[in-house]
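2 protein chains.
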Amino acid sequence: MDSNRLPSFAIVGTGAIGGFYGARLQRAGHEVHFLLRGDFSHVRDHGLRIDSKDGDFVLPRVNAYDRADAVPPCDVAVVALKTVQNALLPAILPGLVKPGGVVLVLQNGLGAEENIAGFVENAHIVGGLCFICSNKIGPGHIRHIDFGSITMAPYSPNGLAAATTSPVLKLAEHFKRAGILVRTETDLQAARWKKLVWNIPYNGLSVVLNATTDQLMKNGPSRDLVTNIMEEVVMGAASCGHAIPPEYAAEMLEYTDSMPPYKTSMKIDYDEKRPLEIESIFGNPLRAICQAHGRSHRIEMLYRQLRYLNDRNCR
Amino acid sequence: MDSNRLPSFAIVGTGAIGGFYGARLQRAGHEVHFLLRGDFSHVRDHGLRIDSKDGDFVLPRVNAYDRADAVPPCDVAVVALKTVQNALLPAILPGLVKPGGVVLVLQNGLGAEENIAGFVENAHIVGGLCFICSNKIGPGHIRHIDFGSITMAPYSPNGLAAATTSPVLKLAEHFKRAGILVRTETDLQAARWKKLVWNIPYNGLSVVLNATTDQLMKNGPSRDLVTNIMEEVVMGAASCGHAIPPEYAAEMLEYTDSMPPYKTSMKIDYDEKRPLEIESIFGNPLRAICQAHGRSHRIEMLYRQLRYLNDRNCR
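Protein sequences, first through last, are from chains C and Z. To get the numbering used here, take the position in the first sequence, counting from 1, and add 3. To get the numbering used here, take the position in the second sequence, counting from 1, and add 3.
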């Protein structure tokens with residue numbers, strides 16, 4: 004990135020995540036290019052509308068595209084598709100990022116960066132974990148309900164912690180200028196495993212048991228099950244070389260107890276009959292644990308239950 | 004039992020099981036006394052009606068009771084309540100059986116005979132496993148759809164196999180005279196564990212995944228899960244000292260593949276918002292495995308999922 008001017012951004016997937024962060028970056032003065040599918044003509048004609056707990060705003064004109072080859076190469080490509088659409092990326096992502104640029108991966112679960120590293124060359128890959136509650140509520144219309152921070156960490160091919168590299172710090176600065184809280188970490192995989200301690204039990208059980216987080220927490224048997232599954236994720240992370248502090252699961256339970264009743268993103272997808280991000284949140288962690296010779300019967304059972312339900316839900 | 008006359012029967016719980024077998028015994032000439040609750044006045048006035056694949060019949064007059072202390076002591080008391088009602092038994096069962104008589108326990112899962120042995124003295128306890136597809140479809144009206152055999156085995160307090168005792172053989176003869184196929188076994192607990200190899204995965208998953216047996220079998224992930232859970236039941240039985248042949252689980256899969264689409268009895272109870280037999284089918288086997296220092300993560304997970312769903316379903 005040229006440090007004398009603001010970097011340009013290509014947003015791949017202009018939904019609850021990509022639309023929100025892209026709009027904040029454009030409002031902060033960045034050149035932003037939005038790639039869309041369903042909402043393309045609406046956003047081209049009317050721009051983006053953000054209802055946010057931090058202040059509503061409208062961008063009446065944005066650079067909208069329905070074809071990746073019409074987007075100019077940018078300093079940063081932000082991958083904000085659901086992981087179920089990742090098969091699209093090899094054809095579109097390499098052309099969106101300038102040589103020496105950055106690919107910021109704002110996706111759930113494990114394995115997204117490794118996948119991208121297989122077909123994007125000469126770019127820094129940065130993982131981003133979004134702690135945000137936002138939904139797309141209409142064409143080009145996003146509601147940002149709560150939180151909004153991103154934890155960023157550099158991807159390193161061997162999966163081990165890397166020094167916080169310069170591209171991560173620069174990128175974090177630009178997001179902070181746009182009003183987005185950013186934490187930087189050195190161990191991307193450990194950060195992703197920590198997020199799975201919450202995502203695996205709550206996303207999974209909310210779909211299988213048709214439950215909100217508070218319902219799962221108030222019932223003794225389901226609370227015990229959440230706790231056991233969290234312990235399995237912590238053990239699985241350890242077997243893959245990522246030590247999560249032993250008190251972390253208890254903190255996540257306490258944190259969830261303090262939350263208002265919450266419908267997980269996977270449950271929202273299920274109720275909307277959209278395909279679930281099962282492989283990134285469940286399948287890839289299970290395969291990593293299996294390669295490390297660990298066992299996770301409960302996560303595996305949840306994975307199979309979700310695959311059954313998803314297969315029937317999306318026909 | 005006096006061998007010169009036909010034994011009398013008290014039927015505790017005149018539903019799909021007790022109503023069907025009791026009616027067949029009365030039709031064969033036995034004196035039968037039916038204890039009921041909801042259907043009492045209808046059955047007192049109109050008797051029982053059986054629609055059966057083996058031939059429909061009506062018993063216009065039956066001995067119906069809504070209070071246990073009005074039932075005369077019988078040679079055989081047949082316990083055909085759902086196990087969720089077992090708290091009623093200590094008060095009613097001892098008075099229903101003559102000294103030296105038989106208690107025949109036609110209930111699901113583990114632990115029913117052991118429970119009854121705690122408050123019924125001076126009677127032989129016989130376990131019966133029903134392989135029948137029947138439903139109560141109206142007051143005093145039972146539809147017998149398929150199968151109908153009973154496997155009988157003597158209860159022995161130490162849980163080990165007993166010699167097939169004389170009361171079991173005599174009882175089996177009377178059922179056979181009434182047209183009911185009976186097999187006798189010596190190891191009651193082994194027979195109950197074998198039935199759990201089917202009941203645990205299909206009853207549990209049919210409720211949690213809202214599925215019929217054929218749906219569970221046709222989907223790869225749910226079929227794998229059924230298979231793994233069967234293996235856990237076989238291992239759990241072994242840890243409790245009941246060896247099930249290794250090919251048995253595969254036979255159960257094959258048998259289920261050959262069945263027409265089937266809604267399990269637990270799923271029927273769930274859909275009717277009746278309490279589920281979770282403790283007898285899941286909780287008691289889990290406690291037995293735990294006492295034997297075994298582990299069954301999948302069965303335990305299913306148990307907790309069912310308790311959550313049952314708690315919400317029956318409020």
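Each hint should be verified, as a subset may be incorrect.
Taking beta-carbon pairs under 10 Å as the criterion, some of the chain Z residues facing chain C (in silico) [said to hold, decoys possible]:
#1 179
#2 180
#3 219
#4 223
#5 232
#6 304
#7 306
#8 310
Not the full set, but computed from the structure, chain Z residues with beta-carbon under 7 Å of chain C [as the list claims (entries may be wrong)]:
#9 220
#10 224
#11 289
#12 301
Far from chain Z by the CB rule (all over 10 Å, computed), these chain C residues [stated by the list, open to error]:
#13 52
#14 101
#15 142
#16 307
It is worth saying that the hints were derived from the structure and are not from the lab. Virtual Cβ for every residue (Gly too), placed ideally from N, Cα, C.
Going down the list of hints, with the structure as the test:
1. 179: Result: violated, 42 Å to nearest chain C Cβ.
2. 180: violated (46 Å)
3. 219: Status holds, d = 8 Å.
4. 223: Interface hint status for residue 223/Z: holds (8 Å vs cutoff 10 Å).
5. 232: holds (8 Å)
6. 304: holds (5 Å)
7. 306: With a closest approach of 7 Å, the residue 306/Z hint holds.
8. 310: holds (4 Å)
9. 220: Status violated, d = 11 Å.
10. 224: With a closest approach of 4 Å, the residue 224/Z hint holds.
11. 289: Cβ of residue 289/Z sits 12 Å from chain C, so the hint is violated.
12. 301: holds (5 Å)
13. 52: Consistent with the label, residue 52/C stays out of reach of chain Z, its closest Cβ about 38 Å off (over 10 Å).
14. 101: holds (42 Å)
15. 142: holds (33 Å)
16. 307: With a cut-off of 10 Å, residue 307/C comes too close to chain Z, as the shortest Cβ separation is near 4 Å.
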